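Visitor: Here the structure of chain A is known, so what remains is to put chain B in place on it, guided by the hints.
Here are the chains, one letter per residue:
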Amino acid sequence: YLLLLLSDGNLPTGSFVSSSGLESYFKHGFPALAQETILDPGTPKAPVGIQSTIAFIRQSLAAYTRLALPFASDAHVVTAETEGSTEQSVLHQLHELDARYEAMTLNHITRRASKAQGVALLTLFSKGFSRPGWVDGLTVEGSIDKSLGPRSQNQRVFESLVDAFKLSIRRGETPGHLPVCWGVLTASLLLSKERSQQLFLFLFARSLLSAAIRLNTIGPYAAQQLLLHVIRPMVDEEAANCGSLSAQMPPSQKQKPTHGEEDWDRLENEGLPATTWPLGEILAARHDLQHSRIFNS
Amino acid sequence: MSTLLVIPSRKAIYGKGRAELNVCGDNVHFAELSYTYPLKLLSPRPTTAGENEAAQRVAILYSLTYGGGLIGGDRVELSLDVKAQAKMVLLTQGSTKIFPSRPSQRLSSGTVEGGNLGGVQHTLQRMSARVASSAFLVLLPDPVTPFQGASYSQTQVFRLAAPTDSTAGGSLLLLDWFTSGRIARGEEWQFDRYRSVNEVWIGEKQVACDVLLLDQRDESGTQVQGQAARRHLQVSLAPYHCYATVIMFGEATYGVSETLRARYDSLTQMQRKSPESLIWSFSPLENGQGSIVRVAATETESVRSWLRDALRGLEAQIGVDTYSKAFV
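For the protein sequence lines, the chains are A and B, in the order given.
Sequential numbering of the first sequence, starting at 1, is according to the UniProt record's numbering.
Sequential numbering of the second sequence, starting at 1, is according to the UniProt record's numbering.
So here's chain A without its partners, still in its complex pose (with noise of 0.2 Å):
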C-alpha cells in the first residue's frame, strides 16, 4: 500500500517542476544524433521523438543512479539504525552524506533542483504521513490501522530525526539532498531499503517521461509503453550494477593526513559514486540559458 503512495502521481514532492535536463537536451538539438540500433530490418523503427527519449533516460538514468543510489543507501541504512544509536550521531552521519552529496554534484541547476525537492520529502513525511492526533478518534466502519499507530515510541522517534534534520537544512547547516532525503523518508516508513532503491530509480524514470510528455516529445500512450516495456529493465539493471554501492565516505577527520600519504586506496575505489556522462552535466547546468522554456531545471 506504502509502494501504490509513494507511485501516486499526485504526491506532493515538487518533481513535476524539473525535467533533470531533457527539456535542455531538445533545446540543444541533440535528438538529431539519437540512433537505435535497429537488430531486424524488418522491424518498425521507432519515431524520432521517442528514440531521443529514450536515449536520454538511458544516459540520465545511468548516470544518476551512479552518483545519486549510493547516497540514498548510505541514508537508509543510517536512519534504519536510529533507535540503536543516538539522534544526534544519525544527524551527524546524514550531515556528512549530505555534504558529500553537495562537493561531488558540481551543477548549480541540479543542486537547486536536488535541495527543493529533498525539503518537499521531507515536509512530506512531517505533514503527509504522520499520523495526526484527530485519526483515533474517528469512528469509521471498518478499521483505522493500528499497525501504525498510535504514535508508536519508533514512529516518535523517526518523527523526531526527521524534524531535526528539516531544521538544521533551514537553519544552512546541510543542504538536504534529495538522494539523502529520500533514505531518511524511505527508511523511516520501514520501507526496506531494497524497495526504497527500486521506488528511486522508478520515480526518476517516470518523472522523466512526465516531462517528456510535457514536452511533447511523446504521447501519453507512447510513455506509457515505454515505461511498462522498456524502462523497467533498465530500472533492474541499474539496480543491480549500483544497489551494493555505498558513498564511501572518507573515515573520521579528525587526523590530517601527512603529506604526501592521502587515502589513494577509497579514492581509487572501483565503486567510488562518479559522474558517468559528462554531456549530460553540461546540458542540465545550462538550463538556464535556454530563452524559452517551461521548466525549472
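Just so you know, the hints here were simulated from the structure itself, not pulled from any lab data.
Check the hints yourself; a few may be wrong.
Below 27 Å or equal to it, Euclidean Cα-Cα: the simulated DSS-like pairs (lysine-lysine) are [claimed, not checked]:
#, chain 1, residue 1, chain 2, residue 2
1, B, 273, A, 166
2, A, 115, B, 325
3, B, 97, B, 325
Covered stretches of chain A (in silico footprint by chain B; criterion: 3 or more residues with CB under 8 Å from a CB of chain B, positions within the stretch not fixed) [what the hints assert, rightly or not]:
#, segment
4, 98-112
5, 263-272
6, 287-296
Just so you know, these numbers come straight off a predicted model, no measurement behind them.
Cβ atoms here follow ideal geometry from the backbone N, Cα and C, with glycine treated the same way.
Guide: Only chain B this time, still in chain A's reference frame:
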C-alpha cells in the same frame, strides 16, 4: 576501424616526483625538485622583467614522461607543495598518451602495480598538492589521450590553506581534459576506461570532489548491416571529441571567474536543430569562492583556443610570458 598501435617496449614502472616551491624575497626557488623514471620535472627560468608585481614569484614546472606516454601498468605519483605567496604553474609538453598494456603483461599478470581488471592493466596517476596562504597553483597540462584498449585512472587531491582574518587562503586553478583518441585515424572513444578524480579541500572542508568515470561497458556488439556497432561511449559522448573541466578556488582566480560568469550570463539559448560544435557551462561554487567550467567540442583545437581565451585573466596573476607557454 582499428589500425596498428605500437606500444612502447618497456616494462610497466612506478615513477615518483616531488616539488616544493618557496619564496625568497622577490623570487621563488625550489627547495626540492626530485623525480624518478619515467617521470621528469623541469623548471625553466621565467622571464619576469616587465611583468607587474603580482606576476613575480612565479615558477613554471614541466611534468614530462619519457616517450610522451604511459603504458598499462605504469604508476606515476607527483607531490607538489606551494609555500606561502609562491605561484607554481604546471605544464606539459604535448598530450599524455595512454597506451593499453602490452599483451605479454596481460598474460602473465599476477599481482599488480597499477591495478588489474581481468588481464587489462590500469595506468595510474596520482597527484597530491598543498597550497599555502596567498599561494597559487595553476595546472594547465595538455589533454590526456587514451588509445584504444587503454585503461586509465587519475586521482588528484588539492589541499588549500583556508583564508583567515589576517591572511588570504591558497588559490587553485586546475584544468583536466581528455580527447577521444587518435582522431586523425578515426579512433573515436575506443579506450576501455577513463577515470579522473579531482578533490579539493579548503582547510578542513571538502569543497569539491569531481569523479568522472567513463567505462566502455561493452555488451556483445550488435551488427547493423555490416557496420561495426557503435560502442557505448561513442554514443554517450557524441558529437564531441574533447571534454575539459576547469575547477578554480581562491582569491587569485576571482578575476577569471568573474569574467566567465559575466560571459555565461549573457548567453541565450534558442532552439537548435542540431548540436553546436562547442558547448560550455559555468557553475559558481562555495558562494563565489570558486567555480567550475566544463567545455566540450568536436575539435580539440577549438577547446584549446577557447581555453586560451577564457583563462587569459591569469596573465594578471602569473604574467603574460608564462601564460603564453600554456595552450601552445
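Visitor: Determine for every hint whether it applies to the structure shown.
Guide: Tested hints:
1. For the hint linking residue 273(B) to residue 166(A), the alpha-carbon distance of about 44 Å lies beyond 27 Å, and the restraint is violated.
2. For the given pair, residue 115(A) sits about 42 Å from residue 325(B) by alpha-carbon distance, which is inconsistent with the 27 Å threshold.
3. Restraint check: the Cα-Cα separation between residue 97(B) and residue 325(B) comes to about 20 Å, which is no more than 27 Å; the hinted pair holds.
4. Check on the segment 98-112 of chain A: 8 of its residues sit with their Cβ under 8 Å from a Cβ of chain B, so the three-residue criterion for coverage holds.
5. Counting residues of the segment 263-272 of chain A whose CB lies closer than 8 Å to any CB of chain B gives 4, so the stated coverage by that chain holds, three being the minimum.
6. A count of 3 residues in the segment 287-296 of chain A with a Cβ less than 8 Å from any Cβ of chain B is obtained; the coverage claim is therefore met, three being the minimum.
Consistency with the previously given hints fails for numbers 1, 2, ordered from lowest to highest.
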